[in-house]
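Engineer: Residues per chain, in single letters:
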Amino acid sequence: MSLEFTGRRLPIYLILDCSGSMGGEPIEAVRQGVKALLSDLRGDPTALETAFLSVITFDSGARQVSPLTELMLFTEPNLDASGSTALGEALKLLEQALDKEVRKSTATQKGDWRPLVFIMTDGQPTDNWQDAADRIKSKKLGNIIACAAGSTAATEPLKRITEVVVKLDNLQPDTLKQFFKWVSDSIKLTSASIAQVATDAAIALPPPPPQIQIVP
Amino acid sequence: MTPKHSPELKVQALRWKLGLPTSSDKETCKAEWQRIASDTAMLQTVARQLQKPLMWAMLTQLTNRPDPDNEWAIGLADVFAQWVNDNESKVSAKISGLLRKSLEEPVAVVVPKLLVKPTGIHPNAGHPSPPPLPKIPQVPLMPPQPLPPPATWQWKPIPASPEPYEENVKKVMPDAPLGFRGFGARVRGKKHKHDGTNSDDWFEIGRAGPWTIIAVADGAGSKKLSRIGAKVATVSAVGGLIAVLEAHTNAEFPLLDVQAICASIHRAMQEALVAIERTTSDLQVRTDIESSLGRPAEVADLSCTLLLAVTREVQVNGAATHLVIGCQVGDGMIGAISRAGSVVQIGAADSGGHAGETEFLTSAGKLETAALDRKTAVQLMDLQALLVMTDGVADDYFPADTNLARLWGDLVVNGIPDLRHPNTPDPSSALDYGVSIEIVEAEPRSTVYLRSCETYAQTLPLTVAELMKDHAKLFAGQKALEGDTAAERLRVWLDAYHVRGSFDDRTLVVLHREALS
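Line by line, the protein sequences give chains P and C.
Just so you know, we're using the numbering used here here: the first sequence kicks off at 1 and counts up by one.
Just so you know, we're using the numbering used here here: the second sequence kicks off at 1 and counts up by one.
No lab work stands behind these hints: they were computed from the structure.
We put the beta carbon where it would ideally sit given N, CA and C, even for glycine.
It is possible that part of the hints are untrue.
[Stated by the list, open to error] What follows is a list of derived Cβ distance ranges for each label pair: (1) P:D169 to C:I158: 53 to 61 Å; (2) C:V316 to P:T6: 37 to 45 Å; (3) C:S342 to P:G61: 53 to 61 Å.
Here chain C stands alone, though its shape is the one from the complex (with noise of 0.2 Å):
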């Protein structure tokens, strides 16, 4: 039992004042405070003698902080009490401790550098009537407050005006040439579900004779109709391609003509820009669009990347091959793989030194002959597969050069592409390596398995440069998406892959041997 009177006592009460906890009952805590209380000069000097050291040492357990602002603590009492209660054992004993030693000790030795400025209160003013405590400032430090469990991906739905666009396209080549398969997806990428937005992409695959042409089209993220600018660029490209190589459809191709086509090319984007052109008068006289706007709509609200590529297969020297030619204005990758297993970047993206700054078929300059000429590229290779996707799938593996035959790769162990090998793959001996994904969608979502060429060839082992060139175990290594089609099949897969920091819309097209041998 604590003596009365005693030092520890007034401790005592001073907790019990302050709402921490007691080691002497209450009522004896409450009986001494009221003494303390009741005699104005005994609560002066206990006042005095603790204030300072007592907010003191409750800005050191709070903050850390050895040397506070003086009138800035004093009004921390309240809160400070609270999270004491909160933080009970370790704290409370260190609070007594610096308690008892200021009653015992003279303040000068217990209050180190802080008390100098005068506040009015000083141990030996002799004033009549003792001046009163200062006032507790308006603003009190608050106590750490957890911060809210960070956000997840919602999704809603896209706006029904104007002009809405489908959450998802997916498209499968129905005339692919002899010994082909062609087939293209793009979503809706997170940020787009999250904010219920349109998706920004938009391609188109066409056929003209041994010709394939695909023409996929980003557009300007901050551009509100730039969906429209995407889609119609794709269709005007591929109509007009379509169009002209009706005239180069013979076995005989004569490699001199591949100047003609790269220049039909170059005027596909052209045509595209015009049609767009077109497409923002027609919109000019929509009053849902002028009101979606503000404004009247102009050709840069129809802002987009285009890129173009179109291959056939050719004979050189007797033996077949085929020859790809790409044109790009933006960001976005057109891509091919070789039968032997080596990847080429066809032409090069637009792009700043920082991430998302790029060209547009609306930017300046970019259409000129010349601009075009430095954006086409052109090949002749042992076609495996060919690639050409968004700046949203593009971004994911980069750079190309050592990522390209990754992103074949998972198509490939996601068993997205329809191919045939010699042997029959044998599902139950495809090992466990891969991660489950959520789709971002309206509930109930679902959950897909998704494998990474990289993960299995690791398992082998093998390099995934190593694993592209041997067919029979990349064949080995597949474990097919849910989906009926191709089509469906890569859509799961782009609505679901997750990369931090990758939330763009997601588009690719492609073109494949059928046969992986």
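Okay, chain P solo, but in the shape it has when bound (with noise of 0.2 Å):
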């Protein structure tokens, strides 16, 4: 018998911003907020069944830090800050590991919950990334929620990769804890195991605390 397993998982995809103004408490806050998101996922039975996550980093590249782990077997990647702000690097990732990494539903295999994406940026891409935006908004693989942090943050990139638009106050260690638990909180009401929606629905979203803005 196969220990993998074969049933329906929720992926969950953290593109994370790790260009040189995220050193210092930022990025600290960014992987102490990873521990806590994995901390409150692990009090959730229906993420412990479900929940696979991955960690895809950008700064002057991109990388794919942590492939689809399952929550109990997933430590936190290594989080260092430098360098600029490859968005285009990280979408085209993102949409290769969509493509290799999430499975579809078939006559014989059963499909993966539809993922949950979580970008986070604090500034301007500085790679061609409207491509990659474009073919990433068409393709429909994914919910895709993205959060411009701080206030030098650009949201029309974001807006050109998805609806679901965020943006945060300030880089703050308490503005990014808070954004972390709003991204667990997501994950957990989406848990979509019996949230049957039909085939297009939008994402349902729970109410943002005070330091995150949902912009129109």
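Assembly of the complex is requested from the two constituent chains, each provided in isolation within its own frame, with the hints serving as guidance.
Structural biologist: This is the structure in structure tokens:
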């Protein structure tokens, strides 16, 4: 008997900006946030059974530091901040990962739940991101929530990727902590095993805390 | 005894100051440290020489990172000391080694790559008053914290308002056709139990002459009143079909009438939606409903899937056989097993590319005749069992063509349906091949011992498909669960069986031939 879980997984992708401006407190708060997210999800039995996580980081390049891994086996990746903001590279990697790692429903295969993608950036993208953004948006491979973190973060590129864009006031530890708590609540809310949805239904999100504004 | 003022004693003094275990006694260490600390020049030298390699050593131990950022490293001392105390032996020796080395050797050799960026401290700078040590930044690295234990499934009761439905529903068909038995059960899924919310499934069974009518519905999980939709839809469909099928109860059932029956089933689907719309209007005047939603009820709040199956015995070329007609909107499954042991899925589920994506009665265009035609299937077969279920069960036996037999087999080996066979089952000879599972319910929780036909087949050894054809062996493998009726035993099984990732409401209705021969 195979040990691999062949049931329906909830794939969760975190796309994290690790550019130089995130150095010091912000990247440390992101590390803490990822830890807190894992701990929080471990308190939810549905997430324990179905949540699979992956982390893609981007700075002057992009890399998938954690392939899609089940919650109980997931260990936080090392996160360091330096370099520029290659959002386009990250989106290309995301597209490849969604194509390769997420299972679609077929006559004989149980498809995964619609993937949840959280993108966080604190600045302007520095590479050619437009094509990658358009492709991601048109392929509708998952529910994407993009976060522009801090006063120098650009929301227009994010709006090109997804309708659901939020803005954080700043990169203070407490603000980032609230953001990751909201990410966890969103995951639990859409932890979709029995939240049957009509095929193209919009994602439901919990109300954001005061430090997070929804960008209309 | 370590000689005074030796490099080794300096190392021990530093270890003492850091709160690390020392090989010299504490008084000696303390004295040496005070000597170092009172001599500013000495202190600066030691600090400058050791600070960076010490921090580097700490970080290497903690994080396996060979090239940490300088300033950030400086803030680690307290936390690292604590961690070292917790992991004493291996690490302490290594730190001593590094400390010793850095005191004896020139700084440039000991400290690779790290140092070059000026921080205001340089070993050879000729400042009259030495610059202060850098301040400890505000965000220290946390030592590895153990993660909390993984959560377990809780049980919370159904909210008292509005419109609470029962935790479990079980029904036995009081007047099944001759030679047949019918029963059904639906349980609250683990997720609803954990969240303390209602089950969204419902089922109804009806009878009209030789016809058995089964309706099963699953309310949309994201819609708060969908359980009401599921109940209204199934009650309406069964009631409507009983009325229509009473005109088709002759023993002689001409197969030309099948078209008319299919049309009646389609009408029953459409009328189920009308019933939902009427109920929505009724709910709109209820203040408890409005306050629970924050607004008046809409039809979409009652969204649900609907599966309808009707069956009767018919004569074809002088031989008795069964006509089975199924129609479904949404997910779930209608499946049938023949007496010869072969399986067939009647119809197909609506599903999208991802899990959970399905259609509802309330979805646009689902109830037009052409659409319903595509979702209707007709079978003539020598029926052993007809199974109608929501997705909560169907998904655990997916895909149907290879798993439907296993579902019927699991019901049989757990003694759920009341079956007759020329042999007498001998419970003592049924091998012990089950698993113990705790049911998620109010304390105290009960534990049940569940069997699987797959494991039983392996003990014989046979494949599941072969076991389905060997009724004597299948019958011999039974060991009944607790429960006076088939419906109660089914309830226990639905509440208990475990599949990872399966925590939806579970509903299953079974019509089966009593004789397993």
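Engineer: All hints, please: hold or fail.
Structural biologist: Hints versus structure:
Checked against the hint of 53 to 61 Å, the C-beta distance between D169 (chain P) and I158 (chain C) comes to roughly 41 Å, which is inconsistent with it. Our hint of 37 to 45 Å for V316 (chain C) and T6 (chain P) holds, since their Cβ atoms are close to 41 Å apart. At roughly 57 Å, the beta-carbon separation of S342 (chain C) and G61 (chain P) lies within the given 53 to 61 Å, and the hint holds.
Hint 1 from the list above is the single one not met by this structure.
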